[in-house]
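Undergrad: Heads up: the protein sequence lines correspond to chains A and B, in order. For the first sequence, the residue numbers in the numbering used here are 1 to 712. For the second sequence, the residue numbers in the numbering used here are 1 to 176.
Just to be clear, a hint being listed does not mean it is correct.
Covered stretches of chain A, going by a simulated chain B footprint (3 or more residues, C-beta under 8 Å) [said to hold, decoys possible]:
#	stretch
1	186-199
2	219-233
3	613-624
4	673-680
Label pairs and their calculated CB-CB ranges [as the list claims (entries may be wrong)]:
#	chain 1	residue 1	chain 2	residue 2	range
5	A	Val650	B	Gln116	37 to 45 Å
6	A	Gly590	B	Ala100	54 to 62 Å
7	B	Ala100	A	Arg33	52 to 60 Å
8	B	Glu44	A	Asp368	29 to 37 Å
9	B	Ala100	A	Val650	33 to 41 Å
10	B	Thr101	A	Val650	32 to 40 Å
11	B	Pro85	A	Arg605	42 to 50 Å
12	B	Gln91	A	Gly606	57 to 65 Å
13	A	Lys315	B	Pro85	43 to 51 Å
14	A	Leu324	B	Arg29	38 to 46 Å
If you're looking for bench data, these hints aren't it; they were derived computationally from the structure. Yeah, the Cβ is synthetic: ideal placement off N, Cα and C, and Gly gets one too.
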Amino acid sequence: MAAALLDSVIEELAAAVVMIDANDLASIDTVLRGLERLREAVHSSNESEELVALADSFIALEKRLGLFDAAADAEALSALSEAVGRLQSCAAKIAPSPKQSAPTAKATGPSAAPAASGPQASATSPQRVTRDEETLGLIAEFLSESEEGLARADQILMQVEHADAGAEAVNGLFRIFHTVKGVAGFLELTEITTLAHTTETVLNRCREGTLALAGKRLDVVFDATAMVRRMLAELRAAVQESVPFATRENLEELLQRLRALTEDGIPAVAAGPAEPTPIEPAASVSSPDFAPLAEPTPAAPRAAGGASKLRETVKVDLERVDNLVAMVGELVVVEAMVGNAPEIAKSASARVRNCLAQLAKVTRDLQDVGMRMRMVPVAGVFQKMARMSRDLGRKSGKQLRLVLSGEATEMDRSMVEQIADPLVHMIRNAVDHGIEPPDERRKAGKPEEGTIRLSAYHEGSSIVIELADDGRGLDRDAILAKARAQGLLGPDDTLSELEIHMLIFAPGFSTAKQVTEVSGRGVGMDVVKRNVEAVRGRVGISTTPGQGTTFKLVLPLTLAIVDGMLVACGQDRYIIPTLSVIESIQPTEGMLVTFAGQVEMINVRGHILPLVRLARLFSVTGAKSDPTQALVVIIEGMGRRVGLLVDEVVTQQQVVIKSLGQGLGPTRFLSGATILADGRVGLIINVEEIAGTTVERRQWTANESAAAPAVV
Amino acid sequence: MNTISTTASGKGSGIPANSDLAGKYMTFRLANQDYGLAILAVREIIGLVDITRVPCTDSFIRGVINLRGRIIPVIDLRMKFGMEPCQATEQTVIIVVQYATTRGEITMGVLVDQVQEVLSIEADNIEPAPCFGVGTLSADFILGIGKADKRVIFLLDIGRVLSGDEAKPMTLGVKA
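Please put together the full structure from these sequences, using the hints given.
TA: So, in structure tokens, the structure goes:
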């Protein structure tokens, strides 16, 4: 039982180490806690002195990590992940048959000689390959990544063969094997892990300068690379055809040769359990710990359905994908031009029209496929959030559960990166402000455990990321009081519910009574709004006191295409991204206000917004000069709203965003361009820039129409 | 005849050796004067198409065009050289040039009155760029002056003509 516990602790720790990120304190914290649990587990199980020593040796590392600040010690991290790798393979042998392992460890521990393979064979952990969908995905990823790494390793080895092994080359090799080992360990591919690890040990010596990577050693590393590649190929075959993942007969021999390398030339490092060397666990647990893994491993259990298919992936240069998408965009435009040409409409036979319809369909399908090439599921980010919320819950002493749904929803990969930060802040906000402490929840008749639901789904041509908590809801009065205290509001300002809610997105705003580790510094929610707007998205809030708050991020499907409103201004045509458009209205005389005869403003249901004449801003000639004859499009960017005076709205359409390219000089009021249906270039207005340059007193407030759909 | 023996190939220092300049040039007209662009910089020549004006840019930038899906800026070389804007005629064309800068390759359209022909100019027929004197227009963007059939052809360093540092209309014409 103790062994099983140990096993799971180590597994968790290894997973945490794989995920560790120097800039993410939460992930470091997870590792620290994992280390703590490991020590407890090891000491209580008392299975193997060797393990105890190993675990103790982590203390020093733990201290270093504890002091960790993002700028500091990347070295500590790599030492740690390496050490955990060792621990993992070590435990993998010991865990399944603890009784046997204790004497084994004693026998092999202090002596530098390679252990006899006989008795240990039975201690080898069977290859547990659970082939659920997720694991398969991971394996596929592992295969493609490792193969890439090995190709690079070969390259480096060739270079080393012809020239001296520079530190950079050895480091490169080390990293490759280290990565292979890490992921293989995670996937419980014991043999690959062992081989990669043993190779890594050799390379580590080279890195430290105690061995030179040349001659015989180089050959062995070559062989190891080849062997890993063969094993990967077999793994691929094994998974695809559901056959057992057989062991290489000569793996053992190779391992012996690798081990021999680390032993000749330098005195073996004593790994005595009685004298752990705390700072360098790597040295204290050198090769002897790795008793040979032998004998073909038992057949891996087959997937339930038997038909397990790896989803093969190809890594493609992002630029090529972008090019393809751009070309497809062109095709769509040209197709539309041909289809709508009056000459064709006049003269075309039924056959030509049929063909054109077919062409249109194929083109649309192609566009769809092209778009999807840039899409990735949100699952990755969601998983990260799940880990983080667990940590936050523990830190804040609240019990909570994160329920994920719609992880398979796909969105543009650059957008996935963009929403990671906002999600972190939103979850922090939910944990700190939303979810109540357990006793308060009990009093309110709610389950002690708070629930946060994170979901993703499609809504029209947008993707919605929704974060709902069942906490206390937004505290209207606290927000108002704080806003007044911070001078964001005058004492007499009256705001709608929605405006009050939107206040939490103001920079520097926080109602947390005290600054905690989790939140309260007032940076955060404004980041959410900014990041979401940067990808042309929108944030919405709905809240019910005592029942919880729901944040809704409405994001465009992709960054390559935007829903645009084509507006006319004189002879010019411009595109305004529809997501930034709140509404458009035809102003009446009474709505127009002019300050000092020049600063124009428009009164929209009691809200005074600056009025920007697009014609004046862009020096367009021939535009309508009387606002009551023209149209005002209310746009929102950088949290500000302004009215943009244009002649008329021509149409709404999806446009493929293109860069304006170099050579034009600065074009601050334009964010890009597109090709219109007539083949001409249309310019896309940079709403953030236009809204941002106008000064408005209540710059961050939003009015009630934010929730209403845009009216054209 | 060729007495100049600088080895530098143009950039900044000194006058390039004329022999480096010998080669093929795409010649075109601006206000009855011939100019030449090294043929390697010219990607293609297209007829006048709809140019979308880009607001808030320099006046000599006429706008952007759709070149088979790519959006490229078009400059009016006449305005760049401080002359009257180019009036569209049957002969007006856009020469698409591509040149390398420190920020990567730039493709641009150059609006000219008329293209002439591709001329092969011998080193013997290329004079170094004259010095326009202090305080006047920099002669940097003139590689040399070519002579063919009694015509004088200004050979332009298109990278310099269009580069960001000089992205202002020039105040002086270069009609020698």
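Undergrad: Give a verdict on every hint.
TA: Do the hints match the structure? See the list:
1. 186-199: violated (count 0)
2. 219-233: Since three or more residues must qualify, the claim that chain B covers the stretch 219-233 of chain A is violated, with 0 doing so at under 8 Å.
3. 613-624: holds (count 4)
4. 673-680: Per the Cβ count (4), the hint holds.
5. A:Val650 x B:Gln116: 37 to 45 Å: At 41 Å between Cβs, range holds.
6. A:Gly590 x B:Ala100: 54 to 62 Å: The hinted range 54 to 62 Å holds for glycine 590 (chain A) and alanine 100 (chain B), with Cβ atoms some 58 Å apart.
7. B:Ala100 x A:Arg33: 52 to 60 Å: Taking Cβ atoms as reference, alanine 100 (chain B) and arginine 33 (chain A) lie about 54 Å apart, which means the hint holds.
8. B:Glu44 x A:Asp368: 29 to 37 Å: 32 Å, holds
9. B:Ala100 x A:Val650: 33 to 41 Å: 39 Å, holds
10. B:Thr101 x A:Val650: 32 to 40 Å: With a Cβ separation near 37 Å, threonine 101 (chain B) and valine 650 (chain A) satisfy 32 to 40 Å, so the hint holds.
11. B:Pro85 x A:Arg605: 42 to 50 Å: Holds, since proline 85 (chain B) and arginine 605 (chain A) (Cβ atoms, about 46 Å apart) stay within the stated range.
12. B:Gln91 x A:Gly606: 57 to 65 Å: Given about 59 Å between the Cβ atoms, the range holds.
13. A:Lys315 x B:Pro85: 43 to 51 Å: 50 Å Cβ-Cβ, so the 43 to 51 Å window holds.
14. A:Leu324 x B:Arg29: 38 to 46 Å: Between leucine 324 (chain A) and arginine 29 (chain B), where Cβ atoms are some 40 Å apart, the hint holds.
Violated hints, in rising order: 1 and 2; the structure is consistent with all others.
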